[in-house]
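Q: Okay, here's what each chain looks like letter by letter:
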Amino acid sequence: MTDNLRPESPAEWVLKIEGLEVATRGAAAKPILKGVDFSIAPGETLCLVGESGSGKSVTSLAVMGLLPKGSLKATGGRIELEVDSLLEVSPTRLRDLRASRMAMIFQEPMTALNPLMRVGEQIEEVLIMHQKSLSSTQRRERVLEMLDQVQLPDIERVFDSWPHQLSGGQRQRIMIAMALILEPKLLIADEPTTALDVTTQKQILKLIKALQERHGTSVLFITHDMGVVADIADRVCVMRHGEVVETQPIEELLRRPGTEYTRQLLTAVPSLRPRAARAVTDREIVLEAIELEKRYGERSAWARWTGKAASQTLAASNINFALTRGRTLGIVGESGSGKSTVARCVMRMIEPTGGGVRVMGKDIASLGRAALKPHRKRIQMIFQDPFRSLNPRLTIATSLVEGPINYGTPREEAMEKSAELLALVGLPKDALDRYPHQFSGGQRQRIAIARALAMEPDVLVADEAVSALDVSVQAQVLELLDDLQRRLGIAVLFITHDLRVAAQICDEVMVMQKGAVVEYGPAERVLGAPEHPYTRSLMLAAPGRHWDFSGFRPLDHVFEETPASTSTAPV
Amino acid sequence: MFSYCLRRTLAAVPVMVVVALFVFLLLRLSPGDPAAIIAGDMATPEQLDRIRETLGLNQPLYIQFFNWAGELLRGDFGTSLMSNLPVTQLMAQRLEPTISLALLSIALSVVVAVPMGVIAAWKHGSLIDNAVMSLSVLGFSVPVFVTGYILIKIFSIDLGWLPVQGFRRVSQEGFGPFIQHAILPALMLSTIYIALIARMTRASMLDVLGEDFIRTAHAKGASEKRVLFKHALRNAGVPILEVIGTGFALMITGVVVTESVFNIPGLGRLTVDAILSRDYPVIQGLILVTSGVYVMINLAIDLSYALLDPRIRYQ
Amino acid sequence: MSLSSPHASPDVSAAIPPRRRLRLWPRQRPGWAVIVAAICLALIVIIAILAPWLAPHDPLGMSPADRLKPPSDTYWLGSDAYGRDLLSRVLYGARVSLIVGLGSALISVVVGLPLGILAGFFRSLDAVIMRVMDGLMAIPSVLLAIAIVSLISANLWTVMAAITIPEIPRIVRLVRSVVLSAREEPYVEAAVSLGSSLPTVMWRHLMPNTLAPLIVMSTYICASAILTEAILSFLGAGLGTETPTWGNIMAEGRTYFLIKPSLIFWPGIALSVCILSINLLGDAARDRLDPRLQKRGGAQ
Numbered sequence: 001m002t003d004n005l006r007p008e009s010p011a012e013w014v015l016k017i018e019g020l021e022v023a024t025r026g027a028a029a030k031p032i033l034k035g036v037d038f039s040i041a042p043g044e045t046l047c048l049v050g051e052s053g054s055g056k057s058v059t060s061l062a063v064m065g066l067l068p069k070g071s072l073k074a075t076g077g078r079i080e081l082e083v084d085s086l087l088e089v090s091p092t093r094l095r096d097l098r099a100s101r102m103a104m105i106f107q108e109p110m111t112a113l114n115p116l117m118r119v120g121e122q123i124e125e126v127l128i129m130h131q132k133s134l135s136s137t138q139r140r141e142r143v144l145e146m147l148d149q150v151q152l153p154d155i156e157r158v159f160d161s162w163p164h165q166l167s168g169g170q171r172q173r174i175m176i177a178m179a180l181i182l183e184p185k186l187l188i189a190d191e192p193t194t195a196l197d198v199t200t201q202k203q204i205l206k207l208i209k210a211l212q213e214r215h216g217t218s219v220l221f222i223t224h225d226m227g228v229v230a231d232i233a234d235r236v237c238v239m240r241h242g243e244v245v246e247t248q249p250i251e252e253l254l255r256r257p258g259t260e261y262t263r264q265l266l267t268a269v270p271s272l273r274p275r276a277a278r279a280v281t282d283r284e285i286v287l288e289a290i291e292l293e294k295r296y297g298e299r300s301a302w303a304r305w306t307g308k309a310a311s312q313t314l315a316a317s318n319i320n321f322a323l324t325r326g327r328t329l330g331i332v333g334e335s336g337s338g339k340s341t342v343a344r345c346v347m348r349m350i351e352p353t354g355g356g357v358r359v360m361g362k363d364i365a366s367l368g369r370a371a372l373k374p375h376r377k378r379i380q381m382i383f384q385d386p387f388r389s390l391n392p393r394l395t396i397a398t399s400l401v402e403g404p405i406n407y408g409t410p411r412e413e414a415m416e417k418s419a420e421l422l423a424l425v426g427l428p429k430d431a432l433d434r435y436p437h438q439f440s441g442g443q444r445q446r447i448a449i450a451r452a453l454a455m456e457p458d459v460l461v462a463d464e465a466v467s468a469l470d471v472s473v474q475a476q477v478l479e480l481l482d483d484l485q486r487r488l489g490i491a492v493l494f495i496t497h498d499l500r501v502a503a504q505i506c507d508e509v510m511v512m513q514k515g516a517v518v519e520y521g522p523a524e525r526v527l528g529a530p531e532h533p534y535t536r537s538l539m540l541a542a543p544g545r546h547w548d549f550s551g552f553r554p555l556d557h558v559f560e561e562t563p564a565s566t567s568t569a570p571v
Numbered sequence: 001m002f003s004y005c006l007r008r009t010l011a012a013v014p015v016m017v018v019v020a021l022f023v024f025l026l027l028r029l030s031p032g033d034p035a036a037i038i039a040g041d042m043a044t045p046e047q048l049d050r051i052r053e054t055l056g057l058n059q060p061l062y063i064q065f066f067n068w069a070g071e072l073l074r075g076d077f078g079t080s081l082m083s084n085l086p087v088t089q090l091m092a093q094r095l096e097p098t099i100s101l102a103l104l105s106i107a108l109s110v111v112v113a114v115p116m117g118v119i120a121a122w123k124h125g126s127l128i129d130n131a132v133m134s135l136s137v138l139g140f141s142v143p144v145f146v147t148g149y150i151l152i153k154i155f156s157i158d159l160g161w162l163p164v165q166g167f168r169r170v171s172q173e174g175f176g177p178f179i180q181h182a183i184l185p186a187l188m189l190s191t192i193y194i195a196l197i198a199r200m201t202r203a204s205m206l207d208v209l210g211e212d213f214i215r216t217a218h219a220k221g222a223s224e225k226r227v228l229f230k231h232a233l234r235n236a237g238v239p240i241l242e243v244i245g246t247g248f249a250l251m252i253t254g255v256v257v258t259e260s261v262f263n264i265p266g267l268g269r270l271t272v273d274a275i276l277s278r279d280y281p282v283i284q285g286l287i288l289v290t291s292g293v294y295v296m297i298n299l300a301i302d303l304s305y306a307l308l309d310p311r312i313r314y315q
Numbered sequence: 001m002s003l004s005s006p007h008a009s010p011d012v013s014a015a016i017p018p019r020r021r022l023r024l025w026p027r028q029r030p031g032w033a034v035i036v037a038a039i040c041l042a043l044i045v046i047i048a049i050l051a052p053w054l055a056p057h058d059p060l061g062m063s064p065a066d067r068l069k070p071p072s073d074t075y076w077l078g079s080d081a082y083g084r085d086l087l088s089r090v091l092y093g094a095r096v097s098l099i100v101g102l103g104s105a106l107i108s109v110v111v112g113l114p115l116g117i118l119a120g121f122f123r124s125l126d127a128v129i130m131r132v133m134d135g136l137m138a139i140p141s142v143l144l145a146i147a148i149v150s151l152i153s154a155n156l157w158t159v160m161a162a163i164t165i166p167e168i169p170r171i172v173r174l175v176r177s178v179v180l181s182a183r184e185e186p187y188v189e190a191a192v193s194l195g196s197s198l199p200t201v202m203w204r205h206l207m208p209n210t211l212a213p214l215i216v217m218s219t220y221i222c223a224s225a226i227l228t229e230a231i232l233s234f235l236g237a238g239l240g241t242e243t244p245t246w247g248n249i250m251a252e253g254r255t256y257f258l259i260k261p262s263l264i265f266w267p268g269i270a271l272s273v274c275i276l277s278i279n280l281l282g283d284a285a286r287d288r289l290d291p292r293l294q295k296r297g298g299a300q
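Chains as they are written, first to last, in the working numbering: chain A, 1 to 571; chain B, 1 to 315; chain C, 1 to 300.
Chain A extracted, bound-state conformation:
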């Protein structure tokens, strides 16, 4: 092999990328990466940051040689992993390098494991392929040892588990064990914690750090989350539109961003410190939940017949809150906390199984379809996924006038109004006769807001309405919501998992865990000085909580761990 003729790799870097270009295949090849350069030193963590479409994931796939064969192709530049030039080596050599010298973990732990293989066997497979000399008992021992290193409990049982029996955090641990079992020089982590809850995220990040130190691995960490970057990076490489904007040591970047773009990115990150509640101007309660409850899995005929205990789950129980005009109540919690269930009950998209929902003083929890209609318009919703919340076959105008026409507004009047609404949410009038696919995610979310406003509602329910958006777009949409609220006096029920977002826009905050409210009060108090251990653990797990990103300096006053709140639940 020619590789052997080259000198041993210099100690300064493990991975070096020079002028990497990737383009789409086909006649009209479009450049995706336009000359990317960076290198990673041994034992270093380099964070690759950027918004969607920046090319950060493509870069990582190119290193692994995993670019989707049919659509993308490396067209230029070099990728060097120690002595191997990855764009030139044979496919067999590349296969040998994977797992043994470079390994990768992915964003979605739920789908990254083969559902039909026991997780132990999936880790063992790495050894079968790369270390053929090991006997099966040796392999099992190695795998168990690795499961122990990623701090999984009851490793013998986990070895024989199927992926669907493990939680998201546990699966990501399996992925890490699989990636590190051969002690590769380079670990590529592509948004490995994005799909996880904050407390789990914190544990996984800690685990990666610990294993990195133990094995001396270099880590290429891809993320969109500046908080995570601040917590783990040694150096940061900011990407945009397939190009490297700047590469800096972390402190340097956070204190003195070298480019306007990085500065914008940092400024857009909402502060974790809650803003002060606005002055109360109106005491009218527009939305109220009274001992609201939602129970799933009613005792079925089948369950009765077999005499099995009913498998009921309380998705939400004993929920009480009151929202006054012009204010924002945030419901915060991790996945499975029941926050979306509450939103959907309040909207009457699902039937609550107990308690009441009062809209403008009228209980709508048990109204029939017809009786509900006059109250529907009082309360409107904005959904998480901007790409599915507008009917792709209808023009924007048709979507905007649908609601008002349902309530008897003449078509012309509704059309005029929708043009005004578009202006209100910051879109030009000629957007009216376009179709949703012609707009970006942020623009669609604006349209969805306009559609809700067309009903002149008293309450807006926003279910993770900015979670799918890039941070700069997210900032704009939040600003828009705030502006509208000030102008129209609308009340907002804001459901989010993101504490920063909650801190920025909520007057009151309600923290939920496993279907129950654990803490409810003014945002300043709940997020500024949390009392309940769960809220404390959430705040402690928030990434980048030591930094004031828009102020380009560390926070001087940070809510710190107290002995009482150290016991965070295992994943």
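Read the hints as simulated data drawn from the structure, not as lab findings. There's no promise every hint is true.
[Said to hold, decoys possible] Taking lysine to aspartate or glutamate pairs in the EDC-like style, the calculated list, with each CA pair at most 20 Å apart, reads: (1) Lys69/A / Asp158/B; (2) Lys34/A / Glu21/A; (3) Lys230/B / Glu121/A; (4) Lys16/A / Glu82/A; (5) Lys123/B / Asp287/C; (6) Lys514/A / Glu464/A; (7) Lys73/A / Glu224/B; (8) Lys73/A / Glu21/A.
[Said to hold, decoys possible] Okay, the calculated beta carbon distance ranges per label pair: (9) Val293/B / Glu183/A: 48 to 58 Å; (10) Asn155/C / Glu351/A: 48 to 58 Å; (11) Pro208/C / Gly26/A: 23 to 33 Å.
The beta carbon of each residue, even a glycine, is placed where N, CA and C say it ideally should be.
Since chain A is already given, all that's left is putting chains B and C on it; use the hints.
A: Just chains B and C now, with coordinates in the frame of chain A:
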């Protein structure tokens, strides 16, 4: 797992009830006198009266249904008008050729079609893929009897390698003569099945190959072969099994035509004879039995998912 | 968490792309196979319509003196056992096939679409409708058709009904599954909270989703109905044997296969080309309209 199996099995019951009800109503609600249809064109008024009496046609519809269903459950499918033999006996005589032919065809189809589909999906967009897809469209567009006659023309008439018609039972004359007579009918029967399975295998494999865990397998350094067969094929298995099950209905159609073309004394041939003589009790019995077999096969396939997929097993 | 498109620039209003219609049909040239299929099918349709003018002889006119003649100037493809002109009969055969194919596709959609929407939307109806459909699916289509035709004398309508009934479950299941997934879409929930009535939600937000898969599925049903009709005729359970259908011609030709195979091959070729063309067009429509349908595809 037990509850999954029990639920699946119980779910098959209403399907069979609907089938029985449908077959029952078909005769009673069709325009014209059911007795005359049962008796055939040559019946005398006395015969008609006797048939009305035995079928209980003068009783209310629901009583007729329960009586009729009760007879079915006791294994009484009525009597053939042509031969005056019990329908069950007629079917039992014809069972072996059909079953042996069907098993041979299914084996042949799976052995040929699954690798075809896997390769087509692996080499997605290539010449091989196009060839497999073209063959598969051709496979279910050219009617079975046309394929059959083309095969006869080439292999039996022009080349003279195989017999034109006829059948040898494997139980009586051994495997050699059986395969010599059965290979052309099996080929004919398989074309559509191969087409269907290959197509589904390809589609299902393409789906699975786009999954995240396939990328994980590549990232582990697994070879193409390992990714295809160890990771992808098993995950693509459920839709493939499913199409083998639902495709069984096609197989029945194919059997009727094939046995008629090759003059094989099986259930299909019995069907054709029954049509030509308007022997309704036999047709009715054949429908009930084939539907029952169809439901059973699909039930067996449903249950086999539990073996294939741990997510079902631990439900 | 990176869903927004690349051009989410800070200046929102500046980033709207130029005006463009929603394009269902990508501007991509169809493959040659699809073009050939379209031409073939067009030819078959023209032949079916113009059969009385194109056919050189009366398809029913027997002339006992000219039995089983080889191709000649008078009988371009030869004659059958009753001395009828094979070419004329094959040309006329296109009529029955196309009528049955189109009729079945149309009727199964007209009956299946409402049933599927009801099943997808109302849980109470779902159980009943789907059990009946499961039962219908379990009866092999050709046997069911045979039973129907053997009870009721065969004419074009009964044959068509017998062929269509077993196809209906395919439409119902398809529509139901599309509706079930579409009703989970946030935009459908949004419409509900905008106070839209149930019929509006169904008609405006759910129905359009079924259109593309329905077009594709009905081409497959068309092909499969033509095939079933030919099989019924071939088995002697279809239209009267004197009627010129491709299946009937072949059924009659079976006796003389050893001495005159063209009696089977010419109608066989016509039938195969017809079904192949429809299936190819169906595949092309599927690839463009609804790639997800790939798994449900296939004639029959």
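Q: Indicate, hint by hint, whether the structure satisfies it.
A: Quick rundown of the hints versus the structure:
Note on Lys69/A and Asp158/B: the hinted pairing is violated, with a Cα-Cα distance of about 47 Å set against a maximum of 20 Å. Of the pairs offered as hints, the one joining Lys34/A and Glu21/A holds, with about 5 Å between alpha carbons and a cut-off of 20 Å not exceeded. Annotation: proposed proximity of Lys230/B to Glu121/A holds, straight-line Cα distance about 12 Å (limit 20 Å). Proximity of Lys16/A to Glu82/A is assessed by CA-CA distance (about 8 Å); at most 20 Å being required, the pair is judged to hold.
For the hint pairing Lys123/B with Asp287/C, the CA-to-CA distance comes to about 18 Å; that is within 20 Å, so the pair holds. In summary, the hint linking Lys514/A to Glu464/A is supported, as the alpha carbons are separated by about 18 Å, within the 20 Å threshold. A C-alpha spacing of about 19 Å is found between Lys73/A and Glu224/B, which places the hinted pair at or below 20 Å, so the restraint holds. For a cut-off of 20 Å, the pair hint linking Lys73/A to Glu21/A stands: about 9 Å separates their Cα positions.
Separated by about 57 Å at the C-beta atoms, Val293/B and Glu183/A satisfy the suggested range of 48 to 58 Å. The given range of 48 to 58 Å is respected by Asn155/C and Glu351/A, whose C-beta atoms sit roughly 52 Å from each other. As the Cβ distance of Pro208/C to Gly26/A is approximately 31 Å, the hint placing it in 23 to 33 Å holds.
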